[in-house]
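Enquirer: Those protein sequence lines, which keep their order, are chains D and V. No gaps in the numbering here: position 261 of the first sequence is 261 in our numbering, and each next residue is one more. Take any residue in the second sequence, note its place counting from 1, add 284, and you have its number in our numbering.
Keep in mind the hints are simulated off the structure, nothing from the lab. Ideal placement from N, C-alpha and C gives every residue a C-beta, glycine not left out. A hint or two may mislead.
Stated by the list, open to error - Covered stretches of chain V, going by a simulated chain D footprint (3 or more residues, C-beta under 8 Å):
1. 287-295
2. 350-356
3. 413-423
4. 428-441
5. 449-457
Claimed, not checked - Quick list of in silico lysine-lysine cross-link-like pairs, DSS-like style, CA-CA up to 27 Å:
6. V:308 <-> D:143
7. D:24 <-> V:360
8. D:284 <-> D:12
9. D:76 <-> V:308
10. V:370 <-> V:474
11. D:181 <-> V:459
12. V:370 <-> D:76
13. D:36 <-> D:12
14. V:360 <-> D:76
15. V:360 <-> D:36
16. V:459 <-> D:182
17. V:427 <-> D:24
18. D:76 <-> V:320
Number of protein chains: 2
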Amino acid sequence: MSFEKLAELIEKKNNPTVMGLDPKLDYVPVFIREGKTVGDALFEFNKGLIDCVSDIIPAVKPQSAFYEMYGIEGLKALDRTISYAKEAGLYVITDVKRGDIGSTAEAYAEAFFGPASAGTDCVTVNPYLGSDGVMPFVLAAEKYDKAIFVLVKTSNPSSAELQDIDCGGVPLYIKTAELVKKWGECESGKKRVGAVVGATHPRQLKELREALPDVFFLVPGYGAQGGTAEDVRFAFCPDGNGAVVNSSRGLMCAYKKQSDDANYQKYTRQAALEMRDALNSVRK
Amino acid sequence: MSFEKLAELIEKKNNPTVMGLDPKLDYVPVFIREGKTVGDALFEFNKGLIDCVSDIIPAVKPQSAFYEMYGIEGLKALDRTISYAKEAGLYVITDVKRGDIGSTAEAYAEAFFGPASAGTDCVTVNPYLGSDGVMPFVLAAEKYDKAIFVLVKTSNPSSAELQDIDCGGVPLYIKTAELVKKWGECESGKKRVGAVVGATHPRQLKELREALPDVFFLVPGYGAQGGTAEDVRFAFCPDGNGAVVNSSRGLMCAYKKQSDDANYQKYTRQAALEMRDALNSVRK
């Protein structure tokens, strides 16, 4: 679905949080793992996480790698997770970071958005190949009522190696941002092309919000990766909208600090409420 | 396996060709499709293609997107294809172009190289996230005796939009090449970190071969995408080694020019022999 729908859900729940669903097996409480296949354990954990926050969180972001690493079984768990989250009324961003030449990008877009897919609302896309690697996703997004977030400035420590390279007075991520703007301004791209900008880069968040005033931001890196509510203040538009902030470990593994596996849902919900309040305190 | 093993296979078969296995369903001859599930049809076609060239071609490159687009069934066909190609003695490069933050890159590296994988020798990796998106693949490559090709200058028309941006007198792809050199010079990366440079950019092939004299090149874009043997001349090292050139449609769909589905293997083999001779004429 377009970002208008995501914005409506954020408004309704008064919460710009997306919960990452990156289920490393050792994130899953032991009592859930016991007696189950890996795929069933991942899905059961995700289901429990969704159940305990779906009334207060608007979106989830499964990271494809953590399912792909368990092969076919993992991918089935991913599809079930996407379906379950959709049934729970959540916006689903599947983090796949694909990027390839035109005909191949078309195949990926069909894989994630087409009628045989599990029904994700949105995927992440890598910009390194330029327009003909991205536009097939934009066209498919319009066709199937979906959206994409394009990597601009990622949250990881070495993102600077290429993304911050000086390109005639501006860093590369600004050049990428200019492409994102162009893709989002084409007829198919309106309200469907967003940008990924890491919570770990507050200065760049501010700079990119100014460069892309009308573009929806997905902001990873909050919590375990080091980003704080203060750091993401400038991800939001002046009206407090236009961004979702992701936390994965901070929500999924909240129970670990308490050594109380059985009540993991209680701690995830508590962490989600704290994150909501922290984000609302800086965006309004 | 490291690129030394790939080089041995190229030497033995006197052929630097890699056959792309990108089985769009309409590439598959109708008589193979009839009465089969999509997954079985894709695998049967791949098997037929491998059978008719495995004595003259050293490597194959399945493009993951064309399997992922058929969901679980497609992924099973990909795994079967990788296993079959390995049994046939071929070097397998799975074209996945993944790239993500550290912990996620680790999960992908485990997915493709780990004990539960189908056993590919090599994958393609996107450099946009920098070292901590790539090094987990390099470390896993050493651990499991695998290799990676990092995208440097891709074959598609819009590759220039980011990759050719001027970065203080040199284009971005040269900055990427410097990173590839660094990754390949670390202890784990020796003979395991190659570069993707498109056949459609002969000038850049020459420039990058000079910048990366010891790096193995994967050169896509030959044939249907427009690259010729003359265009890829400078991909090779002065001794005629150090590169593999990919053709997908040119080999897989050779039968289409003849409208002779039943004998598709004959035409694929003929096209492969022509490609081998054309490449050998420029590299020696």
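Enquirer: Hint by hint, where does the structure go against what was stated? Just the numbers, ascending.
Expert: The structure conflicts with hints 1, 13, although it agrees with all the remaining ones.
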